[in-house]
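There are 2 protein chains.
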Amino acid sequence: MDLNPADEAFEAGLRAVLPEQVFRDASPSYFEEPRGLVAGVEGVVVAPGSTDEVATLVRACAEARVGIVPYGGGTGLVGGQVMDEGARPVVLSLERMTRIRDVYPQENVLVAEAGCILADVQSAADDAGRLFPLSLASEGSARVGGILSTNAGGVNVLRYGNARDLCLGLEAVLPDGSVWNGLKRLRKDNTGYDLRGLLVGAEGTLGIITAASLRLFPSPATLGTALMAVRDPEAALALFALAGDVAGTSVSAFELISGVGAAFLVETGMPAQCPIDPIPGWSVLIELGMGTNDAPDAVLATLFERALEAGLVSDGVIAQSEAQRGAIWAMREEIPLANRKVGAVSSHDISLPLSEVPGFLTEADRVIAGLGPFRVNAFGHLGDGNLHYNIFPPEGGSRDAFADRREDVARAVYDLVAARGGSFSAEHGVGRFKVGELAHYGDRAKLAVMRAIKQALDPKGIMNPGVLF
Amino acid sequence: MDLNPADEAFEAGLRAVLPEQVFRDASPSYFEEPRGLVAGVEGVVVAPGSTDEVATLVRACAEARVGIVPYGGGTGLVGGQVMDEGARPVVLSLERMTRIRDVYPQENVLVAEAGCILADVQSAADDAGRLFPLSLASEGSARVGGILSTNAGGVNVLRYGNARDLCLGLEAVLPDGSVWNGLKRLRKDNTGYDLRGLLVGAEGTLGIITAASLRLFPSPATLGTALMAVRDPEAALALFALAGDVAGTSVSAFELISGVGAAFLVETGMPAQCPIDPIPGWSVLIELGMGTNDAPDAVLATLFERALEAGLVSDGVIAQSEAQRGAIWAMREEIPLANRKVGAVSSHDISLPLSEVPGFLTEADRVIAGLGPFRVNAFGHLGDGNLHYNIFPPEGGSRDAFADRREDVARAVYDLVAARGGSFSAEHGVGRFKVGELAHYGDRAKLAVMRAIKQALDPKGIMNPGVLF
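Residue numbers (the UniProt record's numbering), protein chains in the order written: chain V, 1 to 469; chain C, 1 to 469.
Hints were generated in silico from the structure; no laboratory data involved. In this text, a Cβ means the ideal position worked out from N, Cα and C, and glycines have one as well. Please note that the accuracy of each hint is not assured.
Here chain C is said to cover these stretches of chain V; the calculated rule only asks that three of the stretch's residues, wherever they fall, bring their Cβ under 8 Å from a Cβ of chain C [stated by the list, open to error]:
1. 99-107
2. 190-199
3. 352-365
4. 418-432
5. 447-459
Residues on chain V that point at chain C, a partial pick, calculated with CB under 10 Å [said to hold, decoys possible]:
6. S29
7. E33
8. R35
9. G36
10. G74
11. T75
12. N151
13. L158
14. N162
15. G207
16. G248
17. W329
18. P373
19. G385
20. D443
Isolated chain V, as found in the complex (with noise of 0.2 Å):
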């Protein structure tokens, strides 16, 4: 059934019911794609306050069939947090449920509004010696809600897991209205079915999580980093279970980083470079978290001489100062800026069996040489097996030249994800951009149940529409 537009008369009424500062200005940045990749369809903004008002909002719309697209970052690359299409919606924005409700060192546990912004996480946890270890590019300005509504991942998922084993429990306004009191700071609660990971990763579409009690750890309390040339991937992934030897799950990161990526910060003039000259072909970014009697630059020295025995690596670098630490962390972090100055033909976020990894990329390197003159920049979480798999033009070429093969190139590579039992989104979700290939590549069965549940618990489907389905 068809949603009516917010219009006149419903914004009214809703003027009726609110508080003026609920309603925001309807500025552009609402309804942009971030790499303004489609136009979202104006709509009504609201920045609710509190937990009720985010209820009062959505029994308005659930009462007028009326669409939300709720808002946190604006950061996501899946099109979430625009609609494109439809009837005018009403954008429900998180930005003023900034508070950190608690913080409770002794139990690893912090409260926070789903509109706090993950650095300010960070830092609240840091002010309590603690550590919560969700990291990704865009935490300046990306939301809990946002985080924990997409499932988001980044560099230390290996060894503190993703947005949903950070996430104890929630607060949420499902699609009636009525409001989820599920805030508990529980390590173990088995009473009943896990709607905390049901709605973490639902991209919205089942309800607004309003706020989330999230897991804080020890701060390890020292750190060791190194950067370590490696043969191939096949290397990099025995390097990968040799660390898991030596180190244990001490291991908190395992970046794959190509050439091609280091090359691309050369070429683009980025401030941060490969410190190991010449460029190696493939290299492995290596952090490990360890306690205070620990010497993690010892490990990794170990780690070295046993994988250049075992023929796996050339050529390292360890740092030995925060400054060198934060240089070789600038590299791997730049190399996504780089990426978007050399201007992407087709970006895949694709995960794989950790041992299907190397295979996968030899075999993608010769179908997509296959497709045309182009360059490949594969890197990121090879410890989680997750790679972005990005296809640029040729040195001098324009993206807009290939822009007819972006159709072939994304199916090729998902065909490929998908033979070997990878996914063809791994932490950036499905949006509005990958419905067609959740389609294609989801489970029958998977999805005859996600049309139930959605069915079931939102039947007006007025939850972020055009999401998933």
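Following the hints, position chain C against chain V.
What follows is chain C alone, placed relative to chain V:
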């Protein structure tokens, strides 16, 4: 709508489409609660040998509207595997689906069928030089399907998580007989609702898990185990925080033991006894798992010294051999056996926010003392905020003499737990025995969502009737 009985005609229909070896003698063990608390309704016992056969059975039951009771190791403590009223069901045992389908040491993944016994999964991981960390008292008989369906916990949740956290993907037969092929080996996969997390902990009410991909870990190279006498539960909690500071995330177990439990070991003549003399009022078992270069004994010694300085501990032993380590663990593991010999009036598997544990223990002891001359043995996974809070008759007294107080005692305990934001079921689940508690203490909005999901996925109500709802 009422379910139909699995009568002779229905069974004949099954026999016409399934091989002879699927049908088992209806041995009483399939209908017995392990402690004899209730008598199960006899049913047709089937043990399919493949996922296809499970699907055939479920389709037949759906068509005839016949109830299915999934049956794993039969070790559940909340009656999830024993239907105590209703029309003659099909009891679907996973006992013939015991294949470890694959082990991927390099990926830290193992794929097991739902009938695999937990101890066999642990062994298969160990044979591959890896750790499957889920460990609990019934590991010699509990099966993977039941462990996942109840989201089992155990002694290593603190470091490695519960069953849901250890599950990467599932294969399951849904209530309409369709098969979800979700056996992914991915660490990141953001492609729609978390059906894995929903089926884990659904206690067989949304489908039948037939296989799972499970997470493995590097086996810790070195282990350290200590028992430390603590001043009181408040000191135990401070010791837990200190252990995090000293040993980081290498703390894999942190178990609280009360003097009452240690005295029960003496009273019932158990082989294991408390290694600290005299028996302390409260003690804590701490285990660290570390790397090759580490010395967990030295870390435990440092922890003990610092705790002594802070006035948290008064005595302690650090295991100096595998035999001593075994003796400390045996003491912890034999407490539930001693409990059974003493005979509890009422047993409670509760969880609390960590910082609420000491206050709860003080308050609950006072309230229980007001209800009768009871002895309280509170012990368990303090690091998870999960206590087994069990009430016993006075020495020489009989549980039967207090049978009429059971309900008052349980209600008093759960009321105190709820008031402090805790859970009436930390790791055992709801099953059939705690349906009343779920209805009473559950969040209204969450219960409505649960009912909506159950209705959407199992509209005929055939899956484990009487569980949860």
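How the hints compare with the structure:
With a cut-off of 8 Å between beta carbons, the region 99-107 of chain V has 4 residues touching chain C; three or more are needed, and the interface restraint holds. With 8 residues having a beta carbon nearer than 8 Å to a beta carbon of chain C, the region 190-199 of chain V meets the requirement of three or more and the stated coverage holds. Counting residues of the region 352-365 of chain V whose beta-carbon sits less than 8 Å from any beta-carbon of chain C gives 4, enough to reach three: the coverage restraint holds. Residues of the region 418-432 of chain V lying with their CB closer than 8 Å to a CB of chain C number 10, which satisfies the three-residue condition for coverage.
For the region 447-459 of chain V, the assignment as covered by chain C holds, since 9 residues bring a beta-carbon within under 8 Å of that chain's beta-carbons and 3 suffice. Residue-level restraint check for S29 of chain V is violated (minimum Cβ-Cβ distance to chain C is 25 Å; threshold 10 Å). The interface hint given for E33 of chain V is violated, since its Cβ lies 18 Å from the closest Cβ of chain C, which is over the 10 Å cut-off. Evaluation of the R35 of chain V hint against chain C yields a violated restraint, the C-beta minimum of about 19 Å exceeding 10 Å.
For G36 of chain V, the suggested interface contact is broken, since its CB lies about 23 Å from the closest CB of chain C, more than 10 Å. At its closest, the beta carbon of G74 of chain V sits 18 Å from a beta carbon of chain C; the interface hint therefore is violated under the 10 Å criterion. Interface restraint check for T75 of chain V: the shortest CB-CB distance to chain C comes to about 15 Å, outside 10 Å, so the restraint is violated. Taken as an interface hint, N151 of chain V checks out: its beta carbon lies about 5 Å from the nearest beta carbon of chain C, inside 10 Å.
Of the supplied interface hints, the one on L158 of chain V holds, with its beta-carbon coming within about 8 Å of a beta-carbon of chain C, less than 10 Å. Annotation: N162 of chain V was flagged as interfacial toward chain C, and the flag holds, the nearest CB pair being 6 Å apart, inside 10 Å. Hint status for G207 of chain V: holds, given a least beta-carbon distance of 9 Å to chain C, under 10 Å. Using the Cβ-Cβ criterion of 10 Å, the hint placing G248 of chain V at the interface with chain C is satisfied: the shortest such distance is roughly 4 Å.
Below 10 Å, beta-carbon pairs count as interface contacts, and W329 of chain V has none with chain C, the closest being about 20 Å; its hint is therefore violated. The restraint placing P373 of chain V at the interface with chain C is violated, with a minimum CB-CB distance near 31 Å, outside the 10 Å limit. Taking 10 Å as the C-beta contact cut-off toward chain C, the hint placing G385 of chain V at the interface holds, the least distance being around 6 Å. A distance limit of 10 Å between C-beta atoms decides the matter here; for D443 of chain V the minimum to chain C is near 6 Å, and the interface restraint holds.
Of the hints listed earlier, those the structure fails to meet are numbers 6, 7, 8, 9, 10, 11, 17 and 18, in rising order.
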